[in-house]
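Peer 1: Sequence:
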Amino acid sequence: MAHADYHRWATAVGSADDLALSARCRALLTPGAEAVEHYRAALGLHGRGTRDFERARTELLFGSALRRLRRRTEARDRLHSALEAFESFGAPHCADRARAELRALGAPADPAPCGPDDPTARLTAQQLLVARMAAEGATNREIAARLALSPRTIDHHLRGVFTRLGIRSRIELVRLLAEKA
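In terms of UniProt numbering, the sequence shown opens at residue 1 and continues consecutively.
Think of the hints as simulated: they come from the structure by calculation, not from any bench.
Ideal placement from N, C-alpha and C gives every residue a C-beta, glycine not left out.
The reader is advised that the hints may include incorrect statements.
[As the list claims (entries may be wrong)] Computed cross-link-like contacts, DMTMM-like style, restricted to lysine to aspartate or glutamate with a CA-CA straight-line distance of at most 25 Å:
(1) LYS180 to ASP77
(2) LYS180 to ASP155
(3) LYS180 to GLU136
(4) LYS180 to GLU142
(5) LYS180 to ASP118
[What the hints assert, rightly or not] Now the in silico label distances, taken between C-beta atoms and shown as ranges:
(6) ALA100 to GLY137: 33 to 41 Å
(7) ALA91 to PRO31: 42 to 50 Å
(8) ALA148 to GLY14: 20 to 28 Å
(9) LEU128 to VAL13: 31 to 39 Å
(10) VAL174 to LEU29: 19 to 27 Å
(11) VAL13 to PHE53: 15 to 23 Å
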């Protein structure tokens with residue numbers, strides 16, 4: 001009942017952030033694999049919103065649900081994304097929870113160090129695609145249009161790329177990818 005009231009309110013307000021929270025609540029109330037689509041909807045809405053911390057919380061909850069469904073690869077990617085976000089926000093308790101989920105998954109809590117031959121080994125497939133487009137000079141809006149994502153989602157992916165590669169700018173990204181080639 002409470003979720004239905006919240007969903008009606010979020011729909012009336014039309015805020016992507018509030019609709020994302022409603023979708024996340026629906027995912028939490030839905031058993032098993034049926035929750036996956038609600039989490040995906042929540043993340044899509046978060047991509048149009050402004051509450052990055054809530055997006056990270058959704059990534060954590062989604063990763064945890066995927067772990068329980070034994071969808072290891074996708075769970076690992078979601079949990080690493082949440083961990084990176086929580087660390088960048090300075091939220092150690094949330095970061096610890098993401099690490100605990102990664103350990104329960106049997107995955108390292110920190111990305112594996114990459115070898116000198118492949119500096120992109122620690123990136124997810126989506127992050128690598130976004131990184132390559134950015135290194136080619138595409139703007140966040142251009143990348144978003146090509147991938148049918150929001151510019152905020154692209155920004156989120158690039159922040160993850162920078163964190164995982166230990167770089168701070170697109171210029172460093174271009175150099176790093178050029179060295180790899």
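Peer 1: Each hint should be assessed against the structure and marked as holding or not.
Peer 2: Hints versus structure:
no. : hint                         : in the structure
1   : LYS180 to ASP77              : holds, 23 Å
2   : LYS180 to ASP155             : holds, 23 Å
3   : LYS180 to GLU136             : holds, 14 Å
4   : LYS180 to GLU142             : holds, 24 Å
5   : LYS180 to ASP118             : holds, 6 Å
6   : ALA100 to GLY137: 33 to 41 Å : holds, 40 Å
7   : ALA91 to PRO31: 42 to 50 Å   : violated, 29 Å
8   : ALA148 to GLY14: 20 to 28 Å  : holds, 21 Å
9   : LEU128 to VAL13: 31 to 39 Å  : holds, 36 Å
10  : VAL174 to LEU29: 19 to 27 Å  : violated, 45 Å
11  : VAL13 to PHE53: 15 to 23 Å   : holds, 19 Å
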